[in-house]
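K.L.:
Listed in order, the protein sequences are those of chains A and B. Using the numbering used here, the letters of the first sequence map in sequence onto residues 1 to 174. Using the numbering used here, the letters of the second sequence map in sequence onto residues 1 to 124.
These are computed hints drawn from the structure, not numbers from a lab. One or more hints might be untrue.
[Unchecked claim] Think about it this way: if two alpha-carbon atoms lie no more than 25 angstroms apart in a straight line, the pair counts; the simulated PhoX-like pairs of lysine-lysine are: (1) A/K160 - B/K88; (2) A/K149 - B/K46; (3) B/K86 - A/K160; (4) B/K114 - A/K160; (5) A/K171 - A/K160; (6) B/K114 - A/K171; (7) A/K149 - B/K39; (8) B/K46 - A/K133; (9) A/K171 - A/K129; (10) A/K168 - B/K46; (11) A/K149 - A/K171; (12) A/K168 - B/K49; (13) A/K149 - B/K88.
[To be verified] Reference listing, derived: stretches of chain B covered by chain A, where coverage requires no fewer than 3 residues with Cβ under 8 angstroms from a Cβ of chain A: (14) 48 to 62; (15) 70 to 80.
[Claimed, not checked] Here chain B is said to cover these stretches of chain A; the calculated rule only asks that three of the stretch's residues, wherever they fall, bring their Cβ under 8 angstroms from a Cβ of chain B: (16) 61 to 74; (17) 143 to 157.
Everything numeric in this text was worked out from a predicted model, so none of it was measured. Heads up, the beta-carbon is just placed ideally off N, CA and C, and yes, glycines get one too.
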Amino acid sequence: MLKRFLMTGTAVVGMALSGAAFADSGPSDMQIAHIAYTAGNIDIRYAHLALAKSANPAVRDFAQLMLQDHEAVNDQALALLAKLGANPEDNPTSQKLVSDAHSKLDELADLHGVNFDRAYAANELAYHKFVNKTVEETFIPNTDNREFKSLLGEALQVFKIHQNHAAKMVKNLR
Amino acid sequence: MIMKIFSLGTALAILLVLTGAFNTQAKTSASQGASGNAKTHIVEIKGFKYNPEVLTVSVGDTVRWINLDAAPHTATAGNESWNSGKLKRNEEWAFTVTETGETRYICIYHPVMKGTLIVKERDQ
Chain A
1 MLKRFLMTGT
11 AVVGMALSGA
21 AFADSGPSDM
31 QIAHIAYTAG
41 NIDIRYAHLA
51 LAKSANPAVR
61 DFAQLMLQDH
71 EAVNDQALAL
81 LAKLGANPED
91 NPTSQKLVSD
101 AHSKLDELAD
111 LHGVNFDRAY
121 AANELAYHKF
131 VNKTVEETFI
141 PNTDNREFKS
151 LLGEALQVFK
161 IHQNHAAKMV
171 KNLR
Chain B
1 MIMKIFSLGT
11 ALAILLVLTG
21 AFNTQAKTSA
31 SQGASGNAKT
41 HIVEIKGFKY
51 NPEVLTVSVG
61 DTVRWINLDA
71 APHTATAGNE
81 SWNSGKLKRN
91 EEWAFTVTET
101 GETRYICIYH
111 PVMKGTLIVK
121 ERDQ
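Bound-form chain B, shown alone:
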């Protein structure tokens, strides 16, 4: 009986699971920003981890965090120079980096989650 009730959702569920399973690698895509070669980098938040945990980008690039977890999360710089605010499931937040340096960040709700953003000068 239950199986009949759920049959309509099963196909979608499998699709969602498969999509999630093969969607765990960080992605970087080229974009046509004002700085020419600027790229957009994606950090997936899943399983209470940032993926990738360490991301190296160039000045002018954009970093986008997407929360795929059931619990809300944040990406908050240790020095609080940037903060995504609360990201519910499937919500995302992005910002364009303007300064070089290494910033460690956490989820303020679940501080066991740690990430590092490294920003370098853009190669000419």
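Excised from the complex, chain A in its bound form:
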């Protein structure tokens, strides 16, 4: 299931890269902003679910960290957009991410105990790998605005720390 989710997300980003999901040659800054913000919100939702279901201190600490860091990055993104007087633009990639996340949340919600912890940890690792690769290889190179590009770079730095943290969590839960 994880693999399916990752493959689905990869296919979506592939569409964005090829321009198939957008009117022009690729995602605009405002579409990238919407996708990035949506991706952050999805991980926040995963974190809320983990805090509701897990009793494992390491899992709960990680989920709390995801809430804190993704909310901080998203708040700064909104502040930048407000300063620039720009609005994120909804798009098929964002909508697909949300749709896939709903399926994943349903899947995780049916799990309990260590099975939930392992699935949540594995999903966090896969999700951060997917998002980080997309931000690094697609979003940052295709972003025009310097401030927005800079914020994406900082966000990537945060999310890579999360990816490493998730990898350790997966290993410790085996």
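Start from chain A and add chain B according to the hints.
P.N.:
Just chain B now, kept in the frame of chain A:
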């Protein structure tokens, strides 16, 4: 179109980037504290690192941590004798050291971040 939308922010962005790029060295400034020669030392938190990672100060000096990262951080002593609490971007916290010794500290949210504060007797 996007470039037009963002044009107003571009100049400021460049300024911010340049400021950040050339603002990575730790700073120490003299202050007129009660102890006469006391100084204020600045530790910048940027890129999930404390800069400098190792700081040597004298008793009576003040150390100020400033978070320049997008993520919140802390500067928390390993023995928990001091703790900045959560520092969001551009927030700072300072304290005046009163005892000699070497203290290793971390960010409690991102423990991969490590720093060391060394406090020596003040030269007379």
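K.L.:
Using a Cβ cutoff of 8 angstroms, are there at least 3 residues of the segment 70 to 80 of chain B near chain A, or does the coverage claim fail?
P.N.:
Holds, because 3 residues of the segment 70 to 80 of chain B bring their Cβ atoms closer than 8 angstroms to Cβ atoms of chain A.
K.L.:
If you draw a straight line from the CA of A/K149 to the CA of B/K39, is it 25 angstroms or shorter?
P.N.:
violated (37 angstroms)
K.L.:
Quick one, are B/K86 and A/K160 close enough, alpha carbons at most 25 angstroms?
P.N.:
The given pair, whose Cα atoms are some 21 angstroms apart, holds under the 25 angstroms limit.
K.L.:
B/K114 and A/K160 were given as a pair; does the straight-line alpha-carbon distance stay at or below 25 angstroms?
P.N.:
holds (17 angstroms)
K.L.:
Holds or violated: the segment 61 to 74 of chain A covered by chain B, criterion of 3 or more residues with Cβ-Cβ distance under 8 angstroms?
P.N.:
holds (count 5)
K.L.:
Check the hint pairing A/K149 with B/K46 against an upper bound of 25 angstroms on the C-alpha distance.
P.N.:
With Cα atoms ~17 angstroms apart, A/K149 and B/K46 stay inside 25 angstroms; holds.
K.L.:
For the pair supplied as a hint, A/K168 and B/K49, is the alpha-carbon distance within the 25 angstroms limit?
P.N.:
holds (20 angstroms)
K.L.:
Sort out whether B/K88 lies within 25 angstroms of A/K160, counting only the CA atoms.
P.N.:
Holds, because 19 angstroms separates the two Cα atoms, which is no more than 25 angstroms.
K.L.:
Can the restraint linking A/K171 and A/K160 be considered satisfied, given a maximum Cα separation of 25 angstroms?
P.N.:
Holds: A/K171 and A/K160 sit about 17 angstroms apart, inside 25 angstroms.
K.L.:
Taking only the CA atoms, is the gap from B/K46 to A/K133 under or equal to 25 angstroms?
P.N.:
holds (22 angstroms)
K.L.:
Are the Cα positions of A/K168 and B/K46 separated by 25 angstroms at most?
P.N.:
holds (23 angstroms)
K.L.:
Please verify whether A/K171 and A/K129 have alpha carbons no more than 25 angstroms apart.
P.N.:
holds (16 angstroms)
In summary, the numbered hints that this structure violates are 7, 11, 14.
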